[in-house]
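Participant: Which chain is which? The protein sequence lines are A and B, in order.
Just so you know, the first sequence maps onto residues 45 to 301 in my numbering.
Just so you know, the second sequence maps onto residues 1220 to 1704 in my numbering.
In case anyone wonders, no lab produced these hints; they're calculated from the structure.
This one's a predicted model, so the numbers in the text were calculated from it and none came from an experiment.
Just so it is clear, CB atoms sit at the ideal spot from N, CA and C, and this is done for glycine as well.
Be aware that a few hints might be false.
[Claimed, not checked] Covered stretches of chain A, as calculated for chain B (at least 3 residues, CB under 8 Å):
(1) 94-102
(2) 106-120
(3) 151-157
[Said to hold, decoys possible] Lysine to aspartate or glutamate pairs mimicking EDC-like chemistry, simulated, CA-CA at most 20 Å apart:
(4) K142/A - D1678/B
(5) K54/A - E1652/B
(6) K1575/B - E1652/B
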Amino acid sequence: MLEIKNLHAKVEGEDIEILKGVNLKVNAGEIHAIMGPNGSGKSTLSKVVSGHPEYEVTEGEILFNGEDITELDADERAHLGLFLAFQYPVEVPGITNKTLLREAYNTIARANDREELDPLEFEDYITEKLDVIEMKDEFLSRSINTGFSGGEKKKNEIFQMAVLNPVLSFLDETDSGLDIDALKVVSDGVNKIANDENAIVMITHYQRLLNYIKPDYVHVMMAGKLIKSGGFELAEELEANGYDALEKELVLNGEAQ
Amino acid sequence: MSEELSDGVKELESMIGEEYKYGFTTDVEYEDFPKGISEEIVRELSRVKEEPEWMTEFRVKAYHAWKEMEEPTWFNATYKKPDFENLLYYSAPKKKPQLDSMDDVDPNIRETYEKLGIPLEEQKMLSGVAVDAVFDSVSIFTSFKEKLAEAGVIFCSMSEAIKEHPELVKKYLASVVPVRDNFYSALNSAVFSDGSFCYIPKNTKCPMELSTYFRINNMESGQFERTLIVAEEGASVSYLEGCTAPMYDENQLHAAVVELVALDDADIKYSTIQNWYSGDENGKGGIYNFVTKRGICKGKNSHISWTQLETGSAVTLKYPSVILKGDNSVGEFYSVAVTTKRQQADTGTKMIHLGKNTKSTIISKGISAGQSNNSYRGEVKISKNATGSKNYSVCDSMLIGQECGAHTFPYISSENPSSSVEHEATTSRVGEEQIFYLMQRGISEQDAISMIINGFVKDVLKELPLEFAVEANKLLDVKLEGSVG
Ligand SMILES: Nc1ncnc2c1ncn2[C@@H]1O[C@H](COP(=O)(O)OP(=O)(O)OP(=O)(O)O)[C@@H](O)[C@H]1O
Ligand SMILES: [Mg+2]
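So that you can see chain A by itself, here it is in the shape it has in the complex:
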């Protein structure tokens, strides 16, 4: 589904290279986790894949279902089924969540020659989706993220994911900021959304999330590269020993620069 090959990216117009040769392959039905120290480039990877104009791909490719998407605008990538749950969801005052979601849903449907939903049908559809993560319906008529608490913003991202039903989702630190109960509810929601035809890449600092949403693969990102991949046990190892130990081990093995 997603194949990232030797991806290098820098800040547009500047000489700051952030991604320094990322390789990642994600198949339908898989759940991946990316962990790594602050500033290692995890969010940047998710933004570059979803087409943020602030970054420029200097080398490598991003293939989505075989198509190179590096030249596509963010909205065109969204039409293909890419979704990003933001680490810092953005406030847009004056436009309600529902208005955004209906416009987004129908725009994506149009781009894929699928049937659009009229306001009444959409009302039913969206109300059903509220249950996925036990979202109160008052959030539908509130302005996008405006005045939401940190945790509510994160929850709202997963609600949007449930409504738009993407093919591939990047969840950037969705767990940070959620209380213990909310984490459980949101994780259950993600598990309900996950199926054989879609895929999820979670970025997180904490193994706790992975106890709720079992990843098939865990990757470690350092200094702009995915330097080690493994199964769930890799997350446990990191939790126990930290990134320093991993880095030393890699140096000993001559794998790191």
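Take the given structure of chain A and dock chain B with the ligands to it, following the hints.
Facilitator: Chain B with the ligands only, in chain A's frame:
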């Protein structure tokens, strides 16, 4: 986004490349005066207009008052001062239109109105809008007069009111904006050419929205309209004003005066969409819009609300105000001011609380793009006797790009401790992050920008009458098209 909005966006696409939609001129012959101003010119103007003696004297007195006044400089804008000796103070289309039927209106002028999309033609008349159209200086045609007359509403040009309803004009003209109020109100009082007059009798709800379209066509003419609206006890009216002008390299002056009088329990709602030509990227040309608008809530429980969408003009100085004299009266000001390119706007309001339990609300939204400068200037004054009065002000600015400016100048004074004044102000920037967020959800860049702007101004545009609100959304989209990114 609503269907309405996405329709607006589709329309926008078809308009791309169309810089200033209303920038055409109309070929009609003009009956002009010599340029410049003097007592003779003022008298001659009054004579041509066949005005009564008292009106001539009013003008002459105003002219002498103006001569002694200084052009103001306290606002946040710099521009080349108008050359008052080089202006035309009267300019009327030569073929004098008959008022009997639409067919008698000069076909070129009618075409102009059609291009403006104003509802002069039959079908649109049926949609229930009465229009008084002021073309340069003379009121061309007033529709729906008869239906209004049945309700006892007087809606006519100011010239006509001076002749037909002198007692009302004498009683209220300059009662809210005194001649000497400011430099431009004095000038206007001396040379105003026409405008609208509207009188709603006791306990009458005006049966339709009243509307005026102003258009400056002649290059060298200044436009000085005078509008007076009086709502008697228990009367109510909603009045719409739209403004456009063709593109010229030279600056044109527009110095109108609008006065509103609301007696006991009366309600006046005044809405404006101002889209005068704003000049080009380099700041060449465009209208100077120096307008004095003021209403008085004279009676108890009266209500005046100003709603404006200011998108045009090279320089705008405008502060629609309300004097809250009657107890329990309410004043409101809802404003969106948009500046792009090198436009300069210094706009806001004054709420003067005199009566007890008076309330005022100010919601001002400034959007600045390009190298423009957008200032909000608002004064809230609560006098000693205004016990239990309240003001609530919100003043938000949005910046698009790095080269524009937004400024807020609130002046608050309260002499009554039982009253409360609340002021909030924010400044934000339409950021790449907001646009990216919406695009990530599948929304196109243009729709994303349109959504962000519409969200920002929503609280104000919802105050506009519906048919104006749609036009307002489109105007905003066209105006800000290409400003981001
Ligand atoms: N626009 C930018 N300009 C300059 N530096 C940037 C820019 N965007 C990202 N960076 C830098 O790139 C590095 C990677 O940032 P990124 O946000 O991807 O880290 P992260 O792995 O998500 O960290 P965290 O775990 O703290 O969220 C950081 O050092 C960051 O400061
Ligand atoms: Mg991050």
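Participant: All hints, please: hold or fail.
Facilitator: Here is what the structure says about each hint:
Counting residues of the region 94-102 of chain A whose C-beta sits closer than 8 Å to any C-beta of chain B gives 5, which meets the bar of three, so the coverage hint holds. Coverage of the region 106-120 of chain A by chain B holds. Counting CB-CB distances below 8 Å, 3 residues qualify, and the rule asks for three or more. Here the region 151-157 of chain A counts 3 residues with a CB under 8 Å from a CB of chain B, which clears the bar of 3, and the coverage holds. As the CA atoms of K142/A and D1678/B are separated by approximately 18 Å, the hinted pair is consistent with the 20 Å bound.
Among the hinted pairs, K54/A with E1652/B is consistent with the structure: their alpha-carbon atoms are about 17 Å apart, no more than 20 Å. A C-alpha spacing of about 47 Å is found between K1575/B and E1652/B, which places the hinted pair above 20 Å, so the restraint is violated.
Going down the numbered hints, you'll see the structure goes against just number 6.
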